[in-house]
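Number of protein chains: 2
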Amino acid sequence: MKITCSKSELLKGVNIVSKAVPVRTTMPILECILIDATSDFIKLTANDMELGIETMIEGEIKERGMVAIDARIFSDIVKKLPDSEVQIRTEKTIGTEEELVQTFIRCEQTNFSIPSKRGEEFSFLPFIEKKDSITISEFTLKEIIKQTIFSISQNDNNPILKGELFEISEDGSTLRVVSLDSHRISVRRTALKDSYSPRKVIVPGKTLIEINKIIPGETEADVVISFSNNHILFEFGRTIVLSRLIEGNYFAIDKMLSKDYNLKFEVNKKELTECIDRSTLLIKEGEKKPVILEIADDNLKISVNSQMGHMEENVGIVKEGKDIMIGFNPRFLMDALRVIDEETVTFYMTNSKAPCFIKDEGESYIYLILPVNIIGNN
Amino acid sequence: MKITCSKSELLKGVNIVSKAVPVRTTMPILECILIDATSDFIKLTANDMELGIETMIEGEIKERGMVAIDARIFSDIVKKLPDSEVQIRTEKTIGTEEELVQTFIRCEQTNFSIPSKRGEEFSFLPFIEKKDSITISEFTLKEIIKQTIFSISQNDNNPILKGELFEISEDGSTLRVVSLDSHRISVRRTALKDSYSPRKVIVPGKTLIEINKIIPGETEADVVISFSNNHILFEFGRTIVLSRLIEGNYFAIDKMLSKDYNLKFEVNKKELTECIDRSTLLIKEGEKKPVILEIADDNLKISVNSQMGHMEENVGIVKEGKDIMIGFNPRFLMDALRVIDEETVTFYMTNSKAPCFIKDEGESYIYLILPVNIIGNN
Numbered sequence: 004m005k006i007t008c009s010k011s012e013l014l015k016g017v018n019i020v021s022k023a024v025p026v027r028t029t030m031p032i033l034e035c036i037l038i039d040a041t042s043d044f045i046k047l048t049a050n051d052m053e054l055g056i057e058t059m060i061e062g063e064i065k066e067r068g069m070v071a072i073d074a075r076i077f078s079d080i081v082k083k084l085p086d087s088e089v090q091i092r093t094e095k096t097i098g099t100e101e102e103l104v105q106t107f108i109r110c111e112q113t114n115f116s117i118p119s120k121r122g123e124e125f126s127f128l129p130f131i132e133k134k135d136s137i138t139i140s141e142f143t144l145k146e147i148i149k150q151t152i153f154s155i156s157q158n159d160n161n162p163i164l165k166g167e168l169f170e171i172s173e174d175g176s177t178l179r180v181v182s183l184d185s186h187r188i189s190v191r192r193t194a195l196k197d198s199y200s201p202r203k204v205i206v207p208g209k210t211l212i213e214i215n216k217i218i219p220g221e222t223e224a225d226v227v228i229s230f231s232n233n234h235i236l237f238e239f240g241r242t243i244v245l246s247r248l249i250e251g252n253y254f255a256i257d258k259m260l261s262k263d264y265n266l267k268f269e270v271n272k273k274e275l276t277e278c279i280d281r282s283t284l285l286i287k288e289g290e291k292k293p294v295i296l297e298i299a300d301d302n303l304k305i306s307v308n309s310q311m312g313h314m315e316e317n318v319g320i321v322k323e324g325k326d327i328m329i330g331f332n333p334r335f336l337m338d339a340l341r342v343i344d345e346e347t348v349t350f351y352m353t354n355s356k357a358p359c360f361i362k363d364e365g366e367s368y369i370y371l372i373l374p375v376n377i378i379g380n381n
Numbered sequence: 004m005k006i007t008c009s010k011s012e013l014l015k016g017v018n019i020v021s022k023a024v025p026v027r028t029t030m031p032i033l034e035c036i037l038i039d040a041t042s043d044f045i046k047l048t049a050n051d052m053e054l055g056i057e058t059m060i061e062g063e064i065k066e067r068g069m070v071a072i073d074a075r076i077f078s079d080i081v082k083k084l085p086d087s088e089v090q091i092r093t094e095k096t097i098g099t100e101e102e103l104v105q106t107f108i109r110c111e112q113t114n115f116s117i118p119s120k121r122g123e124e125f126s127f128l129p130f131i132e133k134k135d136s137i138t139i140s141e142f143t144l145k146e147i148i149k150q151t152i153f154s155i156s157q158n159d160n161n162p163i164l165k166g167e168l169f170e171i172s173e174d175g176s177t178l179r180v181v182s183l184d185s186h187r188i189s190v191r192r193t194a195l196k197d198s199y200s201p202r203k204v205i206v207p208g209k210t211l212i213e214i215n216k217i218i219p220g221e222t223e224a225d226v227v228i229s230f231s232n233n234h235i236l237f238e239f240g241r242t243i244v245l246s247r248l249i250e251g252n253y254f255a256i257d258k259m260l261s262k263d264y265n266l267k268f269e270v271n272k273k274e275l276t277e278c279i280d281r282s283t284l285l286i287k288e289g290e291k292k293p294v295i296l297e298i299a300d301d302n303l304k305i306s307v308n309s310q311m312g313h314m315e316e317n318v319g320i321v322k323e324g325k326d327i328m329i330g331f332n333p334r335f336l337m338d339a340l341r342v343i344d345e346e347t348v349t350f351y352m353t354n355s356k357a358p359c360f361i362k363d364e365g366e367s368y369i370y371l372i373l374p375v376n377i378i379g380n381n
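Chains G and F, in that order, give the protein sequences. Okay, so the first sequence: first residue is 4 according to this note's numbering, each after it adds one. Okay, so the second sequence: first residue is 4 according to this note's numbering, each after it adds one.
What the hints contain is simulated information worked out from the structure, not anything from laboratory work. Since this is a predicted model, take the numbers as computed values, not measurements. For every residue, glycine included, the Cβ atom is placed at its ideal position computed from N, Cα and C. Nothing false has been slipped in among the hints.
Label pairs and their calculated CB-CB ranges:
1. G:Asn-265 - F:Pro-85: 27 to 33 Å
2. G:Glu-345 - F:Ile-131: 55 to 61 Å
3. G:Glu-12 - F:Ser-185: 41 to 47 Å
4. G:Lys-82 - F:Pro-162: 35 to 41 Å
5. F:Lys-82 - G:Asn-233: 47 to 53 Å
6. G:Glu-290 - F:Ile-131: 39 to 45 Å
7. F:Arg-202 - G:Asp-79: 44 to 50 Å
8. F:Thr-41 - G:Arg-341: 41 to 47 Å
9. G:Gln-112 - F:Thr-222: 33 to 39 Å
The calculated EDC-like cross-link candidates involving lysine to aspartate or glutamate, where the alpha carbons are at most 20 Å apart (straight line), are:
10. G:Lys-83 - F:Glu-277
11. F:Lys-149 - F:Asp-338
12. F:Lys-287 - G:Glu-34
13. G:Lys-149 - G:Glu-170
14. G:Lys-145 - G:Glu-213
15. F:Lys-272 - F:Glu-345
16. G:Lys-203 - G:Glu-53
17. F:Lys-149 - F:Glu-223
18. F:Lys-287 - G:Asp-79
19. F:Lys-134 - F:Glu-173
20. F:Lys-10 - G:Glu-277
21. F:Lys-82 - G:Glu-288
22. G:Lys-362 - G:Asp-344
23. F:Lys-82 - G:Asp-280
24. G:Lys-273 - F:Glu-111
25. G:Lys-10 - F:Glu-274
26. F:Lys-203 - F:Asp-257
27. G:Lys-83 - F:Glu-315
28. F:Lys-83 - G:Glu-288
29. G:Lys-272 - F:Asp-86
30. G:Lys-10 - F:Glu-315
31. F:Lys-203 - F:Glu-132
32. G:Lys-10 - F:Asp-280
33. F:Lys-273 - G:Glu-111
34. F:Lys-10 - G:Glu-274
35. F:Lys-83 - G:Glu-277
36. F:Lys-272 - G:Glu-111
37. G:Lys-287 - F:Asp-79
38. F:Lys-272 - G:Asp-86
39. G:Lys-273 - F:Asp-86
40. F:Lys-304 - G:Glu-111
Generate coordinates for the entire structure from the input sequences, incorporating the hints supplied.
And the structure:
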């Protein structure tokens, strides 16, 4: 194989596919990036068997072929090459037991030679039969992920909790994305431009975290999302991301999203966020002190009492319903408030022990947060 | 005590003195910042008994007094206060065994109350009798520290190695700053504006690292550096930094700074730095692989050979003297090259086992680096 391309184009490609290189693996070949120049395009691929990423880069193929190079060394080298044209060339040596490949990377006065593996040994991405596809903008997909990813469970025995529900509604007009852990539920709904078949899949959180890093996030550019029985495929620009789905049935969350409430209040989001942020200063890491919200008349008093001291602050609200005093893990409030774009947010509460909801009128977003018992904490 | 000041002024002061708050200490009072408003100024002080910092902040004293507040909590709170006027007020309660102080911090709608200590319990900075003082610009001091601090020994039994020599020459016209470890020596010389008495002191590296963080670095503003028998005092702006000196005699480095050489060559600094940076990619952390420099004719060939692969690169040089092949720890070369401002640097070498020097014509800087044995490494 012999190819040339610009350093910047190569670096862009390597940065994209690197997201699918496993940190630990028992299969050394998976620690490689495959450079495939067997057809008319130069393709880079990485694949950890759960998540695979393939991207095309611009360049010239002088001699067709392919090679698998250790991802960490290759990406380190590419990053530090001069900003100029790069030539990548392989030489095969017939060894006694296995075929050895040496990769030569040249850029201006720099010459690297790196022992590599035959491209044929690489685990190619499986071919999947696309059954349905939906199209949303890169910007929307990025936003949806950001707005829900924080409430997946990172370390849970139940694999379903490590993923997010992607659900196309019965009438095919909206995409609903849901994540939850044992304390909260995050829901985002977005209207689809066309009408699609209803579908429910569970996408691994890791896939979404990596996708979020590599999607440019343009409002004008689209992502095509296709489904097969076991896989989800994201296509954008010159990149495809293929991920296994998590098997199983997601939780029946609609039963948990009650519409009843005894108290509803509106509050300025920035003011509230800064206030809760300050309240956390008196809570040591790992300590389970709640922040206490006392809603009375048109005032929200936020307070924290700990060994480190006492803090209280009043925030003006517009209220409807009865007075309530309720405690929360401040991080859960912050996580939700941080990803809401609106200037004003609306809280819905029933009593000090029932779930609290932060949601907008049209329910394009719903954040359910369970309160913390405050008896003996104040 | 009752004072008011702006949040920004308070934050600036807290950030400065926090550098002298010890991370670990057996004396809890040292974990505090002292707010001293007993005179006409508001002064903040922190002191870890080796290093003490005091700074004045603008504000209004409504009731004189002082208080010592836990530095971490206080600085966390100040950082997150609204950008507005802050009121700090203390209330004493006569307890059964000790006098307790409560500090109230108010800013807009936020109210904190924090248990604190009596200011009188704080370890004030010792009064030192200034014997001599020199004046240099903030910019120069910051540069000198940056250009030498990397070669102090962080973990050595010999305390002298953890400090830097500050030496005013016999004729009182130059300040020479020296640091060294077992592999290298860094020397910076700067002309003084006036003439001073000769003096040699060893300043703790930690002091210099912290000073470097808090000096604004203006070319127009001066730092006055005063000496006593056991202390060095830095005064700039509204801040003073007082540090103990390290006792003992510094090494006789002039004997090590030989002026003989067999090879002298000039090389473009940027080109060389980038090349050595790339060469380190094939060296695993902790591995003691040298980078090999082969100087022959008007060419410098840089190469590294490791299990991870091979790299070589040619850099043009202007040479005088004989050809040499020599190995170095690439980090030592990088450390020195990184802090040299000149576009072109000059190397002086004797043979593959003798120290190599990087220095300018007038010896305003000298970097001595010991080579590494390359037999069996290439």
